[in-house]
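J.: Since the structure of chain A is provided, determine the placement of chain B with the ligands on it from the hints.
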Amino acid sequence: MKVRLRNPDREVEVTGPKTVAEVLAELGIVPEAVLVIRDSTLLTRDDRVEEGDEIEVRPVLSGGSA
Amino acid sequence: MKCRVCRGPAVVDVRRHNAGFCAEHFIDHVHRQVERAIDDFRMFSPEDRLLVAVSGGKDSLAVWDILLDLGYDATGFYLDLGIGGYSERSKQAAVGFAQRRAAKLIVRSLADEHGFSVPELARLTGRVPCSGCGLNKRYEFNRAALQEGFDVLVTGHNLDDEVATLFGNVLHWNVDMLGRQAPVLEERVIGGDVALVRKVKPLVRLAERETAAYALLRGIDYIVEECPMVAGNTQHRYKEAVTLLEEASPGTKHQMYFGFLQRAAQRFAGDAGEGRLVRCSSCGAATPAWDDGEAVCSFCRTKALAQRRREQGPPERKSRRRRR
Ligand code: SF4
Ligand SMILES: [Zn+2]
Ligand SMILES: [Zn+2]
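Protein chains in written order, with my numbering: chain A, 3 to 68; chain B, 4 to 327.
Honestly, the hints are just simulated from the structure, not real lab data. Even for Gly, the Cβ is constructed at its ideal location relative to N, Cα and C. Mixed in with the good hints there might be a few duds.
Said to hold, decoys possible - Restraint-style ranges between C-beta atoms, simulated for each label pair:
{"#": "1", "chain 1": "B", "residue 1": "178", "chain 2": "A", "residue 2": "15", "range": "37 to 43 Å"}
{"#": "2", "chain 1": "A", "residue 1": "54", "chain 2": "B", "residue 2": "179", "range": "52 to 58 Å"}
{"#": "3", "chain 1": "B", "residue 1": "99", "chain 2": "A", "residue 2": "15", "range": "29 to 35 Å"}
{"#": "4", "chain 1": "B", "residue 1": "276", "chain 2": "A", "residue 2": "48", "range": "45 to 51 Å"}
{"#": "5", "chain 1": "A", "residue 1": "48", "chain 2": "B", "residue 2": "107", "range": "19 to 25 Å"}
{"#": "6", "chain 1": "A", "residue 1": "41", "chain 2": "B", "residue 2": "151", "range": "39 to 45 Å"}
{"#": "7", "chain 1": "B", "residue 1": "173", "chain 2": "A", "residue 2": "11", "range": "49 to 55 Å"}
{"#": "8", "chain 1": "B", "residue 1": "87", "chain 2": "A", "residue 2": "48", "range": "28 to 34 Å"}
{"#": "9", "chain 1": "B", "residue 1": "287", "chain 2": "A", "residue 2": "48", "range": "55 to 61 Å"}
{"#": "10", "chain 1": "B", "residue 1": "311", "chain 2": "A", "residue 2": "47", "range": "52 to 58 Å"}
{"#": "11", "chain 1": "A", "residue 1": "13", "chain 2": "B", "residue 2": "297", "range": "36 to 42 Å"}
{"#": "12", "chain 1": "A", "residue 1": "15", "chain 2": "B", "residue 2": "308", "range": "35 to 41 Å"}
This is chain A alone, in the form it adopts within the complex (with noise of 0.2 Å):
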């Protein structure tokens, strides 16, 4: 799946199906620390992503990365 990465853009691919927790563990994203959106609604961390699904990390601290 594609997962797109804000502050900067960029996109990195991830296989799946994976729930978002074990995404963001991968990707060594704090869950705390981010939104995670799939066709614009809101994902929670036990929510499953397929492979072909994009998906975006989107950090809500502002000043943030991820």
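T.: The following block gives chain B with the ligands in isolation, referenced to the frame of chain A:
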């Protein structure tokens, strides 16, 4: 994960409340937290005229949106800092929001009011941009509120902002700052007239992740991009550090901040250094009274320095040391 209220699918998890919420009930949760902060700290009433300092970011647009939903008389105030494309885009976010909500927005620009932008001020004074920027914002927000007859100035500071500030103040034992850190700063009067308007932070019961989720779920078109001057910001490092603790034990941020307010803040009240205020001999704004001669406020001193440097050309720059 299921919504705590309706058992439908959750879209947001708030671990410190051990709860998930669907979009509708998350928005209710946010409204309730803000109402509770307004009540607990007696921030303002429906009769008050509120001026909301709006940056175009998620927190300030969220607090404005919530106050409008709750039926308060809330006008936005956007200050154009002149930080290139970032300021342009953040102004568009503020103006766009005001149009969609049919809300009143006052727009002023630092360059029009005082003849310099934040980057120019930093270059001329040789100080880090954020220090001049903070000084300008405090000065202009207060000036606009007084000139336009508002009772209260509202800012979008959230729990993460307050915890990061508290963390920094404790790390450095800034006891005067600890004495002043509160969700409400009362107005200050000189000679019977308000000189410093009352300041309040209605989002203190909400983590930054919650205000971001709120803005997204409400379809608020906020600016995600960061100010280009922010690099190396210590406030942000503190936020990251505390967020790691929060991840390991949910509730840490709330405990640190509200524990401070309930059990420690009072102990620093005498350190706040809130002595007598006098009017600046140059602009008339409130400034602390020193014993020696007439008082000129720090805004006017900085502005005068910038004007002198502009006439003389900028100083020779030595290698810039990092501020600690
Ligand atoms: S990051 Fe610094 S310069 Fe940029 S808006 Fe914030 S305080 Fe001002
Ligand atoms: Zn629900
Ligand atoms: Zn002055």
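J.: Evaluate each hint against the coordinates.
T.: Hint-by-hint comparison with the structure:
Between residue 178 of chain B and residue 15 of chain A the beta carbon distance is about 50 Å. The supplied range of 37 to 43 Å is therefore violated. Range check, residue 54 of chain A to residue 179 of chain B: Cβ separation about 56 Å, and the 52 to 58 Å hint holds. The beta-carbon spacing between residue 99 of chain B and residue 15 of chain A, approximately 34 Å, falls within the hinted interval of 29 to 35 Å. The given range of 45 to 51 Å is respected by residue 276 of chain B and residue 48 of chain A, whose C-beta atoms sit roughly 49 Å from each other.
Distance hint for residue 48 of chain A and residue 107 of chain B: a CB-CB separation of about 43 Å, inconsistent with the stated range 19 to 25 Å. Between residue 41 of chain A and residue 151 of chain B the beta carbons are some 42 Å apart, a value that agrees with the proposed interval 39 to 45 Å. The hinted range of 49 to 55 Å is not satisfied by residue 173 of chain B and residue 11 of chain A, whose Cβ atoms lie roughly 35 Å apart. Separated by about 42 Å at the C-beta atoms, residue 87 of chain B and residue 48 of chain A break the suggested range of 28 to 34 Å.
The given range of 55 to 61 Å is respected by residue 287 of chain B and residue 48 of chain A, whose C-beta atoms sit roughly 58 Å from each other. Range check, residue 311 of chain B to residue 47 of chain A: Cβ separation about 56 Å, and the 52 to 58 Å hint holds. Judged by the Cβ atoms, the range 36 to 42 Å given for residue 13 of chain A and residue 297 of chain B is violated: they are separated by roughly 59 Å. Distance hint for residue 15 of chain A and residue 308 of chain B: a CB-CB separation of about 52 Å, inconsistent with the stated range 35 to 41 Å.
Hints 1, 5, 7, 8, 11, 12 from the earlier list are contradicted by this structure; the remaining hints agree with it.
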